[in-house]
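Once you've looked at the hints, dock chain B against the given chain A.
First to last, the protein sequences are chains A and B. Heads up: the first sequence begins at 1 in my numbering, then just goes up one per residue. Heads up: the second sequence begins at 1001 in my numbering, then just goes up one per residue.
No lab work stands behind these hints, which were simulated from the structure alone.
Cβ-to-Cβ under 10 Å is the rule here; a few derived chain B residues that face chain A:
(1) Glu1046
(2) Glu1072
(3) Pro1076
(4) Leu1093
(5) Glu1168
Calculated pairs, EDC-like style, for lysine to aspartate or glutamate (alpha carbon to alpha carbon, straight line, at most 20 Å):
(6) A:Lys196 <-> B:Asp1041
(7) A:Lys196 <-> B:Glu1072
(8) A:Lys113 <-> B:Glu1163
(9) B:Lys1003 <-> A:Asp115
(10) B:Lys1071 <-> A:Asp203
(11) A:Lys120 <-> B:Glu1162
(12) A:Lys120 <-> B:Glu1163
(13) B:Lys1180 <-> B:Glu1209
(14) B:Lys1037 <-> A:Glu22
(15) A:Lys25 <-> A:Asp203
(16) B:Lys1118 <-> A:Glu100
(17) B:Lys1237 <-> B:Asp1213
(18) B:Lys1003 <-> A:Glu132
(19) B:Lys1068 <-> A:Asp26
(20) B:Lys1071 <-> A:Glu22
(21) B:Lys1068 <-> A:Glu22
(22) A:Lys146 <-> A:Glu132
(23) A:Lys54 <-> B:Glu1115
(24) A:Lys113 <-> B:Glu1162
(25) A:Lys135 <-> A:Asp182
(26) B:Lys1159 <-> B:Glu1115
(27) B:Lys1071 <-> A:Asp7
(28) A:Lys38 <-> A:Asp68
(29) A:Lys54 <-> A:Glu100
(30) B:Lys1237 <-> A:Glu130
(31) B:Lys1071 <-> A:Asp26
(32) A:Lys146 <-> B:Glu1241
(33) B:Lys1071 <-> A:Glu31
(34) B:Lys1119 <-> A:Asp7
(35) A:Lys118 <-> B:Glu1162
(36) B:Lys1003 <-> A:Glu130
To list a few chain B residues with every Cβ distance to chain A over 12 Å, as calculated:
(37) Arg1016
(38) Val1018
(39) Ile1052
(40) Thr1053
We put the CB at the ideal spot given by N, CA and C, even for glycine.
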Amino acid sequence: MNVTIVDYQSGNISSVINSFTEVAKDKINLEVTSDINKIKSCDKIVLPGQGSFKSCVESLNSISGLVDTLKEFAITNKKPLLGICVGLQMFADIGYEEAETQGLGWISGKVSKIDNQKGKFKLPHIGWNEIEIQKESKIFKDIKNKSHMYFVHSYEFIPEDKSVISAITNYSSKIVCAVERDNLFGTQFHPEKSDKVGLNVIDNFLKL
Amino acid sequence: MLKNRIIPCLDVKDGRVVKGINFVELKDAGDPVEQAKIYSDSGADEICFLDITASNENRETIIDIVRKTAKECFVPLTVGGGVRTIQNITDLLLAGADKVSINTAAVKNVDFVKEASKKFGSQCIVVAIDAKKVSDNKWEVFTHGGRNKTGIDAVEFAKKVEENGAGEILLTSMDKDGTKSGYDVDLLKTITNSTNIPIIASGGVGTLEHLYDGIVKGGASAVLAASIFHYGEYKIKDAKEYLNSKNVSVRL
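If we strip away everything but chain B, and leave its shape as in the complex, we get:
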């Protein structure tokens, strides 16, 4: 039976982890490679890096981090943030990323998703959708961290990226992100029911029960979380044991 995945996400800025895990055993709390290794050793099913570097000059640093991480972590590695061109994808994959996550570039031009999945295979193309609720059972796609409204319906867009070869969708609720009040389960349910590719739930996790809700109520194939794993609040193992105790199948 296919297991539900737990994916810790690390935000990386100018080569350093922001909001990282703060374990006592860490030598350097800002080192993404070290943090990724801790996650993979503790049973993370995948690792996700989100590059939030603003300037173009520092974009090379993420490539270097991916290269180093890939030599130490032998679970899938997804990298997102600023993926805009085929060359960006090539660079990340050559450095050792297994998947790339495309956000703004997919919204601007869905053909980019098609081109990328054709060239590299759907298995490595994740489309990240940031959605915000606009009315009852209606969500809109936003870009630039929720600042820019696009007028595009999230459900329609999810279907469209699936048609264009996306292998997975990383779905973030902009209403819930950072609130620790749980995923937007209605959004998840709506998108998982309208598509046939795996959906990764993101945005809003504050407790282990929220992970359960994302999988069982929302129908997500994987749950992504950042802050609950930071500061050692919960370990990956706690999350897996909790889900297992609630009869949600996970890789133990």
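Just chain A, with the same shape it has in the complex:
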């Protein structure tokens, strides 16, 4: 199997590479690239994302043909794609970090700043929080409800269709922390930094 981690200069993806390499061992051929042809021919895609919504979308758009290729892969052909952190947020129609920015529009909804209730909650939401699994999910197979995952973000994805939500976490309000629709997956938390349980999520995705 060939799995591609999309390298579109979205910030630090070393940890994503390290943990996927750890789980993939020799069974899976892992490629870190932005080469359109390689992405087209692979079996699964990982879309990481660090920094702001705006900078990530701009970086994706700056690579000619990348957005169309990803869309064809994940939406038209319904092949497995996992978005992590801003990688997930970009599924939305629109994001409000830095400036109003159009997203990929794969899952209708918006990305707005977490309501910190007038400073009652510190932002970014950094650290380990429990996930509450909302529906049966392929990437949460054998993952216990209320498992701890590592988060670091100030913005949250609010999808219109609540049925896509596969997990939430509680921080000032119920924050969407995982979505799943067909073979499209996204986690707001960082499975690559979430210790053994995070590696299990990665393993589930790689075993799909």
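Just chain B now, kept in the frame of chain A:
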């Protein structure tokens, strides 16, 4: 609910751990990679390396250590000490660090914090503030391990680095550091109340109760400790079980 983090810190000099854990199971007590792995296996919520290498020639060694550690530890890794340029940050992040901690360079030029957070995202920029009490409810920022006085008010500086995009503040009390007499709770309380970003408490931990004080009385989001975890005095698990028994939520 967000859990309070416990972060063991390892001081690394010329590629070797100084004041490290002295467990019997350790093959090489000076190997930072091995020590980091022990911490992460025993439930550390993050790992912090502080590079105290004095000479520039040996600075490459920390990059190599980060690279090796990142392949074995799958919890966040913060690296501080001598982070002065965008290139320093790039090198550490590419090696596998998740966050870098900036100290002197932030004091010298707060625009560096802005530039770094703009380029890499606030999530990976920690500003380390070393503060010393100068009078009642007044603290000043010091650099170079507490030797250099800057004349900058710690509270004002904390607000300023937040404005400039710091994702977290690692706050060390220079009065308490190394004393094992507990965190400077007043300092913590003052800074946590004047900022909206998470504060990591550091300096002075001698008992598990001090960790409790840092979180509950000081309002810290995370507690960093070095010496109590060294020499096997307490294990990470002991700290977590203690806090849990006192109704402080931790990741068990």
